[in-house]
Structure formats: C-alpha cells, structure tokens
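*Asks:* This is what each chain is made of:
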Amino acid sequence: MRKQVASEIRKLTTTRSIYAMLAGLIVIVGLGVVATTTDGQPGSLLAPLEHQVFLHVSLTIAPLFGLLLGLRSFTDEFRYGSIVPTLLASPVRRRVLGAKLVATAGGGVALSFAAMAISIAVGVPILVIKGFDVAWSTGAMAEIVGRLVVATVLWTAIGVGLGLAVKHQVAAIAGTLVWLLAAEGILSGLVPDVAKYFPGAAGFATVGINSAELLTPALGAMLLGAYALVAVTTGAVLMQRRDIA
Amino acid sequence: MGANSTTDRPSVERAPLGSPAISVRGVTKRFGSVTAVRDLSLEVHPGVVTGFLGPNGAGKSTTLRIVLGLVAPTEGSATVLGLPYRSLREPTETVGAVLETQSFNPLRSGRNHLRVLASASGIPQQRVDEVLELVGLEAAARRNAGTYSLGMRQRLGLGAALLGEPRILILDEPANGLDPQGIRWLRDFLRGFAAKGNAVLVSSHVLTEMAQLADEAIVISRGRLVRQAPIHELTKDSRELVVVTPEAGRLAAALHERGIAVQTNAEGELHVTGADAARVGMIAFETGVPVLGLVEKESSLEDAFLELTEEDAR
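Those protein sequence lines, which keep their order, are chains A and B. Each number in this note's numbering corresponds to the 1-based position in the first sequence with 326 added. Each number in this note's numbering corresponds to the 1-based position in the second sequence with 1378 added.
These aren't lab readings, by the way, just hints derived from the structure by calculation. Check the hints yourself; a few may be wrong.
Unchecked claim - Between beta-carbon pairs, the in silico distance windows are:
hint, chain 1, residue 1, chain 2, residue 2, range
1, A, W505, B, D1681, 57 to 67 Å
2, B, G1404, A, G511, 53 to 63 Å
3, B, G1435, A, D519, 53 to 63 Å
4, B, G1404, A, L564, 26 to 36 Å
What the hints assert, rightly or not - A few chain A residues that don't get close to chain B, going by computed Cβ distances all over 10 Å:
hint, residue
5, G432
6, V471
7, G534
No experiment lies behind these values; they were computed from the predicted model shown. Note that beta-carbon positions come from the ideal geometry of N, C-alpha and C, so glycine has one too.
Just need the whole structure built from these sequences, with the hints factored in.
*Replies:* Laid out in structure tokens, this is it:
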C-alpha cells in the first residue's frame, strides 16, 4: 500500500484545491477569531488561553474542512473519471481506499495545525493589544490540539467513506452539510434524549465544545470513530462490487 | 526497477509461448435488464494487432472493462496472461489501457497526472518525462490537463498507458480526436509495438482505420461474437464481382441454379458474391452468354462488417 499512499499524497498536493482549502480555512478562522475577540464581551477574554472562546472557531472549522477533504477524495475521482486510471494502476480496491484514508488523515492533521496556529497568531496579539495578560497551561493546550487532530482525522475518514458510498460529489457534500447544519438540529429538538449520540454532537464532544450537554471527549471520540468505521465499511463494501463503467 | 529501466528490466508476468495475451471465456454481463455482453469468448495473441470491431453499443467497452477488472462479469471469466487483472502483481507493467479521453483531474497538469500514476505503480519519475516526449506532450506538460485539446488528451491517455512499458496495450476508440498525422503516428507505433512480440487490442467502430491497422479482427454485435478471423479473410469473404452482359437474365438464372448469389443493379449489371471471376466466366461460357465486362470488387471492411452484423440482426 506504500506506493498507493505516495500516489494519493501526490494527488493531494498537485492541484490547487488543497491550497485553496488551506487559504479558505486561514481566512475563515482568522476572521472568526477577530469576531469572537472583539464582540464587546471582554469577560471571557480574562480566561487562560485554553479556555478562550476564540479557540472554538478552529475547533469547529478544521473538522468541517477535514470532512470536505475526505468527501472530495473519491468523489473528485468519480467526477473526473480519474478513478479509471487509478484502479488500472491499483486494481486491488481496498488498497486505494486505505491509501486515501492515510493521505486525507495527513491532510486533516495539517488542517488542524494550520487552524490552531492561525487562531493563536490572530487571537493572542488581539488579547495583548486589549491589555489582557496571556496565560496558558501547555498541557491543556496540547490536549486541545490533540482532540482537534483526532476529531478532524475521524471526520476525513467519515468523508472518505461517505464519498465512496455516495459517489456523486454534489450529493455527498450537500447531503452531509444539510445533515450537520439543519437536520441534526431539528431532530435534536424532537428527540433530545438521543441528540448527543448524533455524529455532529459526537464531533463537538470530541473537541470538547458544549461539554455540559454532550458526551465526554473520550466517549465522543469513540462514537465518532464508530461512525467513521460504519462510513468506511459501507463505502468499502459498495466499492468492492461496483462496476466502473 | 533500476533507474535505467527502458531495456533490461526484470520480466514481469511472462506467458508460455503461444498462449493468448488476453482470454475471455463465456462472458455474459447484464446491467439490470440490459444484457451488454452474451456468452462471449475471444482470444488476443501477442505479435499482432487485433481489431475489436462492432457498432456503437455492441458491448466493446464493457468487454474491455471486464478484461481490466473494472466491471465484474455476470458469468464467465477474463484473464490477462492467464490471470485475472486484479491478481496481476504489476498491472501497469503488464497492460496499458486507454479507455476514454476524459479521465484526469482537469486542474492537474499532464505531467503531474502521469507522476501520480507512476507513484502508484512504483515507476521512477524520470519515466514520466520519457513518456511525455514519446507522445509529444513535453511542451504542454506543465499546463493543466483541462486546457488540452481532444488530441492532446488522447496522447496523455496513451502516455499513461505506456508508463509501465507494458506488453499488452488495450485501446478503446483511440483514433477519436486524433488528426490524420496523429492517426498515422498511432498506427506506426502500434504496429511497431506488436512487431516486438507485444499484444494490441484496439476497439473501433470506424472500420476503414482498422483495415490498415489490424491483423486480426474480432467482430461483435449486440454483445455476441460474430467472427474472429484475420482481417484479410474478412474482406475476402464479401468479395463481389460486377458482370456486364447483354443477357443478364439468363446468366443470373444460371448462377442462381448453382447456388451463387446474384443481384441486378439499375444499369442491368449483375452483382455476384460467393464465386470468383474464373468460376463466373466459366459458367457464362457454358451458358453461352457473352461477357462484356467482369470486375472484381474487393469490398471495404465497412461492407464486410455491415454484412456480418446485419446477418446477426436477422
């Protein structure tokens, strides 16, 4: 599978779209941090860095971008027909799937670090300019970054699996976004008891946002991992039988 | 593989002498209620160019995709050098295939497209530049493939197929979008490739190209094998004689009696199939009919093909 991973990493780095995604992430996170630090509620800005609300921007946005990266991994290939040369070079399909999981996981790690770095690069100077003392616990910060990486990587795997299962790019991305941004919220109102087990809620639990109503980060990560396993297995089973015509 | 891989690379899967490069046995493929291929068996041998002929929708592309492991047959099996494609250890070094023109990310350069595929097969990156030169794409190599003309896309596809220096080439309608020079180049290339003992399977519905390119012909229609034969036999069988005689009726009757097919055209000339000039001349002599003209018309592959596939439709 080593060769397939090399090929997938090369795929990721040889079109502009990954760089466009990184640029988009940086802009959105940067603006989000500015908005949350200048919203006229200085109370929370007194907290140590690991409790700053502006970190929630990257904790929300990086997993979402990881999900998009994963969703595009197979759907790009189906959309452009490049799945044909890909499978001619690597006819054992589960190897292609494995390589895509590894390569997009790497992309997810990069997105997580980029989001965190830009949050701190924008947020800390704003705190300093506003005259707040910046204090932090290295351990707590490392834990936050670790949770973000785990969540983002699991979301890329969910994206890879869903993209493989659905095949159609627009359908896969639109369907996922509709679920996360609308359907899950509506259903949560109808069945509040199970709401914390929904994928989006599991994702928030993993990164430790709104932890009062949600599962603990560890349980959230396990549940998110289970969703990833289901998505990838579904994709793999469908892929194994699918005719590439 | 060493850096200098063009000549002395370790042999990949090597078939025993005389065994087919590609073998399709009893393959049937149904897509829902549509049967694309019915109980099809065929063999492709090394050293010759085999034309895979049939009208659009005959099942050519499906068959090629079954050979390449992209489509699973409903029944039967297809092998390359004795193994299913998915079991080949070095698929790109065994088979190179060009299936369609648009099979790359348009935002990736042609060179990077080939580098991605080279990585997947463990082929050294310098081979990419060799291939780009071979197919004449060096100048456009760093441009996004989405900006390529149809002919350039075909060349990129061919470049991808040649990356692994395969011993078998499979091309689905490769002449689409190529200009006359490109078609001539492709013809020379494929003939040279086959002459080195490699196998070539080329599908086409444009038969005139095939007459100059292929040695063997496999004709399918509506998913069934119609004929597998050397291409010259295909044209010979439908050879036609045009006979000019003032007593067309008598000669036609005499030929008809002997089971030879005759048709009369608007000018009163006879079109005779299924007999050569000597036989027809002799029959005319025996019948006492003067023959003013006797022209042997070798029908084009197009005619032979139409005849074969029409027969099937009946």
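*Asks:* Each hint should be assessed against the structure and marked as holding or not.
*Replies:* Taking the hints in turn, this is what the structure says about them:
{"no.": "1", "hint": "A/W505 <-> B/D1681: 57 to 67 Å", "in the structure": "holds (59 Å)"}
{"no.": "2", "hint": "B/G1404 <-> A/G511: 53 to 63 Å", "in the structure": "holds (55 Å)"}
{"no.": "3", "hint": "B/G1435 <-> A/D519: 53 to 63 Å", "in the structure": "holds (55 Å)"}
{"no.": "4", "hint": "B/G1404 <-> A/L564: 26 to 36 Å", "in the structure": "holds (27 Å)"}
{"no.": "5", "hint": "G432", "in the structure": "holds (15 Å)"}
{"no.": "6", "hint": "V471", "in the structure": "holds (31 Å)"}
{"no.": "7", "hint": "G534", "in the structure": "holds (36 Å)"}
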